[in-house]
Amino acid sequence: DAPEEEDHVLVLRKSNFAEALATHKYLLVEFYAPWCGHCKALAPEYAKAAGKLKAEGSEIRLAKVDATEESDLAQQYGVRGYPTIKFFKNGDTASPKEYTAGREADDIVNWLKKRTGPAATTLLDGAAAESLVESSEVAVIGFFKDVESDLAKQFLLAAEAIDDIPFGITSNSGVFSKYQL
3 DAPEEEDHVL VLRKSNFAEA LATHKYLLVE FYAPWCGHCK ALAPEYAKAA GKLKAEGSEI
63 RLAKVDATEE SDLAQQYGVR GYPTIKFFKN GDTASPKEYT AGREADDIVN WLKKRTGPAA
123 TTLLDGAAAE SLVESSEVAV IGFFKDVESD LAKQFLLAAE AIDDIPFGIT SNSGVFSKYQ
183 L
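FYI, in our numbering the residues of the sequence shown are 3 to 183.
Calculated from the structure, these hints are not laboratory results.
Nothing false has been slipped in among the hints.
Computed beta-carbon distance windows for the label pairs:
(1) PRO36 / THR124: 42 to 52 Å
(2) GLU21 / ASP127: 38 to 48 Å
(3) GLU132 / ALA160: 16 to 26 Å
(4) GLN182 / GLN78: 45 to 55 Å
(5) GLU7 / LYS147: 46 to 56 Å
(6) ALA121 / LYS54: 19 to 29 Å
(7) LYS56 / ALA121: 22 to 32 Å
(8) ASN92 / CYS38: 28 to 38 Å
All C-beta atoms in this analysis are idealised placements derived from N, C-alpha and C, irrespective of residue type, glycine included.
Taking the hints into account, I'd like the entire structure generated from these sequences.
In structure tokens form, the structure reads like this:
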């Protein structure tokens, strides 16, 4: 029972949920109720995000589950309010991540890219560092002589945990001297 699609969003049911998780490496699933106002407001942005990712050829897919029809699934994933949005990576049903960012298409896409790509951008030169710093009100750069060191790995774990701030990492001497280190 392959899932149908509405506006690039997969429509999931109990009968095709496991198959969708097995097929798609990254799956963002919205559990919604048809009568929910917040869900109705989210729908066009969610569809826009799904279309954008699909057009880029991304491995990330967006899906939705009508939690009023599929109460077993909603209960299995601890859905208590609407919309509840969960991110499944590599078919892991034990600990899907709660979606915590904004309700605009760009917020959704950026949050997903942060979860699926490198947590920090590798800064190969001063221009790349400058571009990262200018991209946001706050940016964090880790300066490491060895980007494979234990400290650098801890830095990357922190970068993964923080959604709304861009992180960069570098071992480039040009970037060090640009920031007088």
